[in-house]
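Q: One letter stands for each residue in the lines below.
Protein chains: 2
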Amino acid sequence: MNTIEIPKTVNPDLAIERKNASFNPDEMAAFFWGRKEIVDMKRMIEEELYNDLDDPLDHEFASYEEMASLAVKHAVNATKKLRAIQERIHPGGSEVYPTLMGGPIGAALMPAGNPLAVHLVMFTRALKGQGTPEQYEKFGRRADNCEIIGTYAQTELGHGTFLRGLESRADYDRKTEEFVLNTPTLTSYKWWPGGLGQTCNYCIFVAQLYIDNEPKGIQMFVVQVRDEETHKPLPGVHVGEIGKKLGMNGVNNGFLGLKNYRVPRTNMLMKNQQVLPDGTFIKSPVSQLSYFPMVYVRCMVAISNALMLAQAATVVTRYSVVRRQSPIEEGQPEPKVLEHLTQQMKVIPEIATAIAYRLAAGNLHFMYNETAEAINRKDFSRLPELHALACILKVSCSYDSTYGIERLRQGCGGHGYLTAANLGNLFAVSTAACTYEGENSVLYLQVGKILMKVWADVLEGKKLMPTMAYFTECANRPQFPQWTGTWDCLVRALQYACVGATRVAYKSYSARLKDGQSQPVAVNNTGLELTKAAELHGRVYVASNFYEEVINGPTKSERSPQFQKVLENLLELHLIQTFFRHLGDILRFVPVTENEIAALQIRLEEVLKKLRPDVVAITDGFEFHDKVLNSALGSYDGNVYERLFEAALKHPLNKKPVPDFFGKYLKPFMKENAMKSKL
Amino acid sequence: MNTIEIPKTVNPDLAIERKNASFNPDEMAAFFWGRKEIVDMKRMIEEELYNDLDDPLDHEFASYEEMASLAVKHAVNATKKLRAIQERIHPGGSEVYPTLMGGPIGAALMPAGNPLAVHLVMFTRALKGQGTPEQYEKFGRRADNCEIIGTYAQTELGHGTFLRGLESRADYDRKTEEFVLNTPTLTSYKWWPGGLGQTCNYCIFVAQLYIDNEPKGIQMFVVQVRDEETHKPLPGVHVGEIGKKLGMNGVNNGFLGLKNYRVPRTNMLMKNQQVLPDGTFIKSPVSQLSYFPMVYVRCMVAISNALMLAQAATVVTRYSVVRRQSPIEEGQPEPKVLEHLTQQMKVIPEIATAIAYRLAAGNLHFMYNETAEAINRKDFSRLPELHALACILKVSCSYDSTYGIERLRQGCGGHGYLTAANLGNLFAVSTAACTYEGENSVLYLQVGKILMKVWADVLEGKKLMPTMAYFTECANRPQFPQWTGTWDCLVRALQYACVGATRVAYKSYSARLKDGQSQPVAVNNTGLELTKAAELHGRVYVASNFYEEVINGPTKSERSPQFQKVLENLLELHLIQTFFRHLGDILRFVPVTENEIAALQIRLEEVLKKLRPDVVAITDGFEFHDKVLNSALGSYDGNVYERLFEAALKHPLNKKPVPDFFGKYLKPFMKENAMKSKL
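Protein chains in written order, with my numbering: chain D, 1 to 679; chain Z, 1 to 679.
Think of the hints as simulated: they come from the structure by calculation, not from any bench. None of these values were measured; they are calculated from a predicted model. A hint or two may mislead.
Identical chains share a label here; the pair holds if one copy fits it or two copies do between them.
[Claimed, not checked] Result set (SDA-like, lysine to any residue): computed pairs, CA atoms no more than 20 Å apart in a straight line:
1. K449 <-> G102
2. K244 <-> D54
3. K81 <-> K667
4. K259 <-> F480
5. K678 <-> D144
6. K656 <-> L70
7. K650 <-> E66
8. K655 <-> A62
9. K667 <-> L70
10. K462 <-> V121
11. K244 <-> E65
12. K667 <-> S677
13. K245 <-> Y403
14. K609 <-> V521
15. K244 <-> A62
16. K81 <-> G102
17. K449 <-> E330
18. K244 <-> L57
19. K138 <-> L276
20. K128 <-> T99
21. K655 <-> E66
22. K245 <-> G414
23. K128 <-> E95
24. K244 <-> E646
25. K609 <-> L513
26. K378 <-> M367
27. K336 <-> T161
Pulled out of the complex, with its shape left as it was, chain D reads as follows (with noise of 0.2 Å):
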């Protein structure tokens, strides 16, 4: 048997969980995805989209340089196809391309990763945000159509997070109107964008500029790093790829170091700032809009991981239906290992928090389109918040994605463990987003360093921006209401409990303010209660924004009672498991009897059972195509083991009855053993 035949039909322990679902799943969709219109569009663009893909294990077997050139093939064909799809139905448009070059649909088009991500998503914007009209015709237009291949290039070997400390320096020689590039040391080299190893040929340095020796800041420049024509690089430019990595090994991460590179120095993009041809230097007016872009960026982190994790819960969901394991009942048959309540409780809440986070990320990019309106008419009111709120949801994202998928891919045991599961992927690329894009712990602190601002400003009675305003109610009735255990009542507790920690955090470090430490280092000696202040904070927003839209949500008035029903119950899991993972935060400041906890235990349990019946319809509802899933425990048709049987039948190894190694190594080593032993 070296092939094996994949039932047509649907796994009928799966197909009995569709049957007996109490609502569409179309319903689930449309709320998901936003819009029923949306997901048409999306089904439509996928069934064009998947008709030719390459097995998305092929990479999983080839050689590291085979591997590289599919990731290459399947980024340029994903990028003219979309570009075509774009063109057909709304040219100029950007939600097919570049939108779908990332999130779950490029992950199907691109398993093993986009060499081009950061050319679309980074370069061609910095060339359109930071040049001129002269540079956007000389470079933009070029990298916009895909004449040239770019990247950014920004973090060292040795520098990261801390952008000052960038040691690549660009140093103005105004006898030929160039800049001389370098970068000094091996800490200095260039390290980690995306496509830098081999796939692109130009990119935007960042360093830092002198002029006479003068520190002018960090500039960004266009550099040449590879011929047209030929691919070498050019002289001065040392390139290559940085290494193997946990996961997205065909994004062509690279490494870049430059000695005595000069060049012009219009290629000094100068939007903002400006070297005049006698070296005068012209400072950029803007400062306080740096870090708004880094806001919509974080929001996509926050979405992308958001889907990430619904995948990985409806691959775990359908696996939990159709893998049957130890009666309950003494003597009666397996049953689907969702009926076992530890199982139902690995999963369900996942599922919850996956539609939290997709509904708190939508928001935020509401907020966000809002506040990039408001800064049209010169209104920056909002900026602080967004920016606050950016970095808590792109962390606990992050991290809940990243830790859910693991225990999700726990929860199917051994199994979960095998590429074929795709697991193990979700989980590399989920991680990758708690490091990248600012590093969580800093951004935790900043939000913490905010939260600061914000109780001293609720102490001198000053009023709050909207969604921190929970901050005066709370100070200003320091005891806790009476405690219902409604979800109102659960939102409260959580807002309790972050007043308070950002309370104690606020005594300790004022306290170290008044022992002398300066401002930051004050920050850093209180930094693990600013971390759970900002914790808490997250968790605020993601359920009152949860609770909002289930109550109060704009689409509330067309859902059917069933799926309202199953909403409610989402949401109840969703407060009360929060309730539960913060119960010490919330115990410190909140008063809660042993009675009422109990309760709460009781309605976790019963409401992991009301879901129990509606989780495949649930996950359903999510859309994602078995192209995305790309998972032999999760597609829909729910043929697990033919599906695992399959995929070990690609394994290289089974391609020939005795490998090499035998006669090279094993062999040897038995009969030189069996005749020590007759000796």
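On the provided structure of chain D, position chain Z as indicated by the hints.
A: Chain Z in isolation, oriented as in the chain D frame:
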């Protein structure tokens, strides 16, 4: 630059840490490994073993078949070397071979995993433990001598934890005095056994025995699967690799299908039960001891996972004093990242946790040996206690090491994502232990069930086993004694939390029984509360054992005052961290005021500061050879950046200036785009 020189000197940022430590790491080494003599032997053996190893990155870039071949080569070499050393220093002993085939030294010798592991650990032992003397002579001696290579084929594609659910069957044919072996369905294919794919030629096949179609329970059969000369699968045998995994890809996990495959009657392992030639079945007289070997294995899992956590902590500690980032004071140079309090909190508690588990597993190992002796005297009294401890230690150590390694990895920022850091690999190996040798959730439930029995005994005033005695103490004194904040008080608080959780679970459980639910149904429905109680029992065991070792340990009198102080700081940290981790569980049952909590927060921050100067010496004292750590970020010399660069330069894509994919995909794509834009 295609090579880079690694400095022969220690990075000064790391050297100064060693110079300033308060104690001699050799003291930690003796403490951590048990005795100075063990450390000396370990050093001597490692020097000999590591003198001719392949580059551990080789297998990372090899094709799949080459990787498998390297894994076999390494396993054969490791076996030969360790047997030779064993032969030399203590013929017939077992302290070198096969002990060192696993654990950190095994990982250094076999970086892709050990395809002979199951042969060594289970195949040979089962032949010895379950076979008759004649069977040992026929199969066991050859297996011990590696003249044949076997594996232990129990789990099936559709069946894992629940042994009685296995579908493989063995029908006795009394005419020919043979068993007819079959895997009658796809889900009954054997799946997972290490080495089954292509490295073994024998296996123990675990199946339901049928005599005249009457089931006789699960039995073991010696089955030859490949020809000894040609290594070709024998007729009726379908065998192969199960596919790529998150880690340990060299282990050659395999599948096996048998079709009417006949073996002689004497191939059933018959030490404890027999099938006579006429088909008479003689049942095993023993049943109580069947899980005793599992206690040993779980103890080994805990030790091995504790060591993996310690390895990761060593790597990240060293990296954290070499990596510099983000000034704490505005305008100051970038400090070592370990000066950031949040980084201390990421790293130092994991060091303490690793030590706590190392000690707990060591203690369990000691109890195991004691119990083994008692069993020889027919005293089975401590077996249930030992079983419970082995379960919870295996579970909590595998969880904590897995998630701890991942947090540590994230503590290295992006660089932790590189394979060259070896943290991803540690994670992948560590997390496998969460689902093998007893799936963690299942084990927690088993312990939870034991705790229900314990609580019933408490209510009846029965005497409890020594490690459970605190249940009675707490029950007899329901009010928590005066809060003092001492270590004793912190351990006591955990005990009250565990007893409270057990009492609450018992209440729910007995209410369900009273409601008419059967015992197993009530257990399932109380699964979440039972899991919580079991988890806390584990915390109590680990914390109180750590406390005992530091305060009353047998080696205490030999410790220098400086080293004793370090151990006390580690204990303080572990107890306070555990307190905060279980704050909610504690506050439910133990009244702790906000001031008392705030005081513990300050102690936490203080003890991190106290330990900070000693962390390099502590982790040096873990005595992990560079070949074991195998990490660019964590080598003893701290030349982090040079080693990262060295690893990158080994990447196959860096071997030629222009990759093939340029001409094949990229150039046509860019040129086509340029052409179109000119139209």
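Q: For a quick check of understanding: which of the numbered hints are violated here, in increasing order?
A: Structure breaks hints 1, 4, 10.
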